[in-house]
Structures are given as structure tokens and as C-alpha cells.
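A.B. asks: Sequence:
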Amino acid sequence: KNTYMRLGGTLNMAGPLMRYMYSVIPHAGSYVFTHTGIKGVSHMACGTQHGAIVVGSRLYPFGTSQFGKLGLGVVNSNEVHLEVSEINIGRPRYRFLISSPSVPGLDDVTGVACGFKHTLAISGGQLYVFGEGNSGQLGLGDIKTTNLPVLVPGLNNVTMIACSYRHSMVISNGRLYVFG
Numbered sequence: 546k547n548t549y550m551r552l553g554g555t556l557n558m559a560g561p562l563m564r565y566m567y568s569v570i571p572h573a574g575s576y577v578f579t580h581t582g583i584k585g586v587s588h589m590a591c592g593t594q595h596g597a598i599v600v601g602s603r604l605y606p607f608g609t610s611q612f613g614k615l616g617l618g619v620v621n622s623n624e625v626h627l628e629v630s631e632i633n634i635g636r637p638r639y640r641f642l643i644s645s646p647s648v649p650g651l652d653d654v655t656g657v658a659c660g661f662k663h664t665l666a667i668s669g670g671q672l673y674v675f676g677e678g679n680s681g682q683l684g685l686g687d688i689k690t691t692n693l694p695v696l697v698p699g700l701n702n703v704t705m706i707a708c709s710y711r712h713s714m715v716i717s718n719g720r721l722y723v724f725g
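Every position in the sequence shown, counted from 1, becomes a number in my numbering once 545 is added.
Rather than coming from a laboratory, the hints here were simulated on the basis of the structure. Owing to the predicted nature of the structure, the values given are computational and were not obtained by experimental measurement. Glycine residues also receive a C-beta, built at the ideal position from the N, C-alpha and C atoms. Incorrect hints may have been included.
Quick list of the computed label-pair ranges, beta carbon to beta carbon [as the list claims (entries may be wrong)]: (1) Leu693 x Gly601: 17 to 27 Å; (2) Leu721 x Val619: 26 to 36 Å; (3) Arg720 x Asp653: 17 to 27 Å; (4) Asn679 x Gly585: 33 to 43 Å; (5) Gly719 x Ser645: 32 to 42 Å; (6) Arg720 x Asn621: 34 to 44 Å; (7) Gly719 x Pro698: 17 to 27 Å; (8) Asp652 x Val619: 14 to 24 Å.
Using the sequences and the hints given, assemble the complete structure.
C.D. replies: Now the structure itself:
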């Protein structure tokens, strides 16, 4: 079931587009859906009502934007899906171009984790967080919610991240940090 756009597409998809919906590869500044499986996705994560993929070092979130967990600057419950256009490039081949927004300010993403209402991302070896922080799960020393990526100070050389309901785990300089 694709409620809250958790699967990235629209609720009313049918026909040939559905077969190709979740395959994506870089193509001339956009990303192309193919029927051969997902290519070019280096990282992916699923939360309760949202998810994210990393393609070409950019982070593309989808699902409900409630609590700012998509990092796109909004905190309402709008649903964000991967915008797709179908282009016939000769029978029987089609291309599907993504025109969805990527998370601003993160240009070198090498990891992503999605929790219940928050998201973690590794960019440039540093930890960035966004979404609900009411249990301290963002690691910022407070319980505020943020709708754009915020750098967590003091954590460098971040290599692994994980999060769940209202807690997060990070490995930085070979040491484990847990918050929430």
C-alpha cells in the first residue's frame, strides 16, 4: 500500500508506468527510470511514513513531510513523491525522468537513515539531522524540531548511522554515540 507516498510514486499509478516506477539511474542532470532494476542508488532507508534514496551523492526524500523529516523546509503533512515524466524513446523503450527536489545543502551524501519522524544523513563525513527532536534523537542537545538539515557539532569522520522510533546511533572516529 502506498499511503503517505512511502513507495515514492503516486496513489493512482497504473499500466506500464507501474512496472518501471522504482528503477532510477543518472541521466544528463536528471534521473531515469528503467525496467532493469535500480541503478545508481548508493544508499537507501525506510522510516514509518517516509523514505530516502541517495543518487549521485544527492539525497532524495519521499513520503509525508510532517515534522520536517524530509529536510525540505516544510513541516506540514504534505506528501512528497518522486515526480516522474514518461518519454517514449522508441518502441518498446521508455524513460522516466525524476524532477523531485533533493535535500538542500547536502552535496556529498554517503549515508542515510530514517527513523519514526526524523532522518540522519552523512555528508562530507559529518552528521546532518532533521525532523522531530522531542526525545533528543537528533543529537543537538535540545528537543527542538528542524525542517532543514542541521550539522551535529563535534562529530567528524562519521562512518555509520542508524535510527529507529525516537533514538539514533552514530559511529564517529570509531566511537559509538547514542541519543534519544
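A.B. asks: Would you mind marking each hint as holding or not holding in the structure?
C.D. replies: So, going through the hints one by one against the coordinates:
1. Leu693 x Gly601: 17 to 27 Å: holds, 21 Å
2. Leu721 x Val619: 26 to 36 Å: Since the Cβ atoms of leucine 721 and valine 619 sit about 32 Å apart, the hinted range of 26 to 36 Å holds.
3. Arg720 x Asp653: 17 to 27 Å: Distance hint for arginine 720, aspartate 653 holds at roughly 22 Å.
4. Asn679 x Gly585: 33 to 43 Å: 35 Å Cβ-Cβ, so the 33 to 43 Å window holds.
5. Gly719 x Ser645: 32 to 42 Å: holds, 35 Å
6. Arg720 x Asn621: 34 to 44 Å: holds, 37 Å
7. Gly719 x Pro698: 17 to 27 Å: holds, 18 Å
8. Asp652 x Val619: 14 to 24 Å: holds, 21 Å
Violated hints are absent here; each numbered hint is respected by the structure.
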